[in-house]
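S.K.: Hints in hand, dock the two standalone chains.
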Amino acid sequence: MVNATKGLYISCDIPMAQFIINMNASLPQSQKFIFHVLDNTHLFVRPEVASMIKAAIATFREQNTYEKPS
Amino acid sequence: MPQVKIVARNFMDMVASLPAMKLDKLYENSFICEAILRSLPPLAKKYVLQLLYIDGPVSAKWLEEWVLADGASKHRVAIDRLVQLRVLTETVERKKEATYLFNPTFQLNLQKHIVHGGVLPREPMPSNVTVRLPSLEELDTYAVQQWEFFLLHLINSAEVERSTNISSSMMKIFQRGLLSQKDDKEPPRLTESGFQFLLMDTNAQLWYIIREYITNCEEHGVDTADLISFLLELSFHVMGKAYNLNTLSDAQRTIIRDLVDLGLVKLQQGRKEGWFIPTKLATNLSISLADTTTRKQGFVVVETNFRMYAYSTSKLHCEILRLFARIEYQLPNLIVGAITKESLYKAFLNGITGEQIVSFLQQNAHPRVAERVPSVPENVTDQIRLWEADLNRVEMIPSHLYDEFPSREVFEATCDFAREYGGLLWENSKKMRLVAKGEIHTQMKEFLRKQKQ
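Going down the list, the protein sequences come from chains A and B. For any residue, its number in the working numbering is found by taking its place in the first sequence, counting from 1, and adding 1021. For any residue, its number in the working numbering is found by taking its place in the second sequence, counting from 1, and adding 2.
Isolated chain B, as found in the complex (with noise of 0.2 Å):
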């Protein structure tokens, strides 16, 4: 079955893919240089303090000296990502060698950032006007409670009781991958690529939406470079503190007001004023995606006897879990069900893997039987496995038969040719018989045809 696999892309890659100008107005901030420099690899983070104070460009050849023999890729893999975000610029010169010059807004402002500090266009608002601050736990609940339910209308906006105010345009942009509608008669479904995106950890599906969100902003009359440097800065605002909404701009009003509905901010009105909160999720923006410190609790115990209790309230886990499971009763804090062949089969044809609902399982492991090895029993696992190899048990590829060859010779060229190109998959030569995929057939016809000559 083909592997669609939605790939979470970092925030940075989207940063550097955007037009030149764009980028070098971006730098101006120097909050996105610092998170910038946050997300560069090791070598290249060095390369950029080493070159900080330089003024004037670098040879290449310099800085190939400062790296040993062996570290020659890491040492390109730097260079390319360094040039990619335009931080570096490379011009070769005719008669002398590739020399690098580095952005000088990138840099002035890195400068400045590390000599005064990162100082944030705005300061959280005095204790004493702001009374009903949430707590760090409230916060939490809050942020978590948001972006399930922003999930669960996603995914099914039938079962949902409250509305949301993401406008249903957005909500169709953000579904557009991720559900499909055979005709108008029929709820939409969900797709493969909708089912991997729920079995993925909240960082990634709000690295999803996000990017989405930003791709399609454009259409609302909101320049992409404010929006990723307004979410850039969003992330470096203490958790929990509160921040005035005057010191916004209109534009950046509406955006709060959409990342409301996301869970990542908390709005709330005092006499005056009004301000937000940002939550875990916006402090998270800036971090990488292999960056995994904040674990949530997990909730799933399986059993060996193929049993699956899990303690949660969620109405967002309950659907998770009948995609691949039975669920057989729900009691107030615990949802009981069976891991089936049944429920798998209808897992495996939504194009669900294995190995998608292995990994669920054992990243959302209960506390109880997290420290265990394994979290989830080896026999559920495997079994988990056999019975999806049991779905495939056949391969078949379209392909052609050539056989009646006219010589040795031409026999031997043709399998060489076939390999080559990664074809070849099968061959006989006592009855000189050849096997090669459907895809070269026109180059073997290509190949045949001069070989007559």
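If we strip away everything but chain A, and leave its shape as in the complex, we get (with noise of 0.2 Å):
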């Protein structure tokens, strides 16, 4: 009987895919939200993080964005 899960499938490239999966795997088990890795630019995940994995993006963007010091 085919099996239907609920996810969110993620499409990026494979930096992003690799931030995904070490933020996946630095958080304990009970949260880890990676259904499959599906191949090396998408994952499939749980639907609820979407917001998480924005926030997360956005901090590591901000991190390598150079602010002059005024």
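Treat each hint with caution, since some may be false.
[Claimed, not checked] Covered stretches of chain A, as calculated for chain B (at least 3 residues, CB under 8 Å):
hint	stretch
1	1033-1047
2	1063-1069
[As the list claims (entries may be wrong)] In silico BS3-like links for lysine-lysine, alpha-carbon gap of 27 Å or less:
hint	chain 1	residue 1	chain 2	residue 2
3	B	LYS24	B	LYS114
4	B	LYS47	B	LYS114
5	B	LYS343	A	LYS1075
6	A	LYS1027	B	LYS454
[Claimed, not checked] A few chain A residues facing chain B, derived, Cβ under 10 Å:
hint	residue
7	ALA1025
8	PHE1056
9	LEU1059
Hints were generated in silico from the structure; no laboratory data involved. Think of the CB as a built atom: it goes at the ideal place given N, C-alpha and C, for glycine as much as any other residue.
M.R.: Set out below in structure tokens:
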């Protein structure tokens, strides 16, 4: 009998995929959100974590931004 | 991010959507017939002129014979447009084929118009009465001033000094799609469509406002058809000439007062009479959107070091530039700013796309740099696009993963089914796993249930 799992399909570039996988690995077992790593640019994750992933990417982006010391 | 575009629909689309009786009443005005003729696609214009003096129905077969085989789609488009505008009415009789009949009012009026030429219901006033007639440049500056003032008022009532005559309920209607207010204590903020509206060019903005004005005039007791016919008539007046106010009916006089606030006409008072003068904005009303013959002068210079110099004194321009650039200082004739990552991120988060910013800068390029190719430096446009892409690195689609298929045939069939609906996102035939969009989940369930039987 075919099994259907509801989730979020993530499509991104390879560095971002690695970033998300790393973030997943650092979380405790109960909070891990990746169901499957489909290939090196696509992931299938739990639906609730969308905003958490977006926030993490935003902080990562801001860490890489140069702010001129005023 | 969802792309909400404000499409300033053609005036003619709005005319075409009127109910049949109102449309027939409109066609009694020969200027409207001419305006409609002007707005038709070229093939439709040809058909109208060829059928103009033919009384009685014309068979559809004849019309098709006028076109070569590869023009069939253009023919269809033209015919559909004419039927939509009720210029041609289609009748299909039982045994015979479709025939088209020219709308008699339209036909009569257009014939009269061609033979006698267009005569406006009013004539310009003699120049000995109209002493202080403004020159064309003064009229242009007046129109631009009024329009900018109206726009400023529209987006930010707090910053404006003068008050406008447009009633606050009308302002609210205009602001409906453009501003949103979270609660009564905070000032209203621009919505995504509001930002896009500001970056459109003047003609497109004017149409949006006029369209809103027309769709709401019914509540004020003005008939839509009357309003449209008056506006179209106005667009045929000569710009810069004075027309006596007492040739207008009362309803038309109220409309004129509203149009003053928008910058479409200028009112002046003589010793005994008052008159109105149509401006460039009014005469542009019947021109189609694609016609960009009147290009206003640009004012923005963008340099390769991301600095921006805008030679303008207008507050509206300052507000618009503030949307996506960091304004550093304002001099008496110059606004200096810089396009920075933070200012662009702010703009992207507000719903403006990089493409809109780039096209705004290109359309408003200062004449000094406008003839240079490209008018905005490539490193600036590329960087704007790169920063925009940086915000959208990850795409997330709610979907379902299907696995544990009983057999390969079922898997292949499900794959094909999902592909037909355009919902297949990923499949792996080795592990027999499939990811499909969330929207088609119910159909997938149905399909799989049928497969089981």
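S.K.: With 10 Å as the cut and Cβ atoms as the points, is PHE1056 (chain A) at the interface with chain B?
M.R.: 7 Å, holds
S.K.: Three residues minimum, CB to CB under 8 Å: does the stretch 1063-1069 of chain A make the cut for coverage by chain B? Let me know.
M.R.: It holds, with 3 qualifying residues against the three required.
S.K.: Between LYS1027 (chain A) and LYS454 (chain B), is the straight-line Cα distance small enough, at 27 Å or below?
M.R.: Cα-Cα ~21 Å, so holds.
S.K.: Hey, LYS343 (chain B) versus LYS1075 (chain A), does the alpha-carbon distance stay inside 27 Å?
M.R.: 19 Å, holds
S.K.: Quick one, are LYS47 (chain B) and LYS114 (chain B) close enough, alpha carbons at most 27 Å?
M.R.: 17 Å, holds
S.K.: Let me know if the C-beta of ALA1025 (chain A) comes in closer than 10 Å to any C-beta of chain B, holds or violated.
M.R.: Nearest chain B Cβ about 5 Å off; hint holds.
S.K.: Does LYS114 (chain B) sit within 27 Å of LYS24 (chain B), going by the straight-line distance between their CA atoms?
M.R.: 21 Å, holds
S.K.: Apply the coverage criterion to the stretch 1033-1047 of chain A and chain B: a residue qualifies when its Cβ sits closer than 8 Å to a Cβ of the chain, and three qualifying residues are needed.
M.R.: Satisfied; 4 residues make the cut.
S.K.: Holds or violated: LEU1059 (chain A) as interface residue toward chain B, Cβ cutoff 10 Å?
M.R.: Given a least distance of 6 Å, the restraint on LEU1059 (chain A) holds.
Taken one by one, the earlier hints all hold for this structure without exception.
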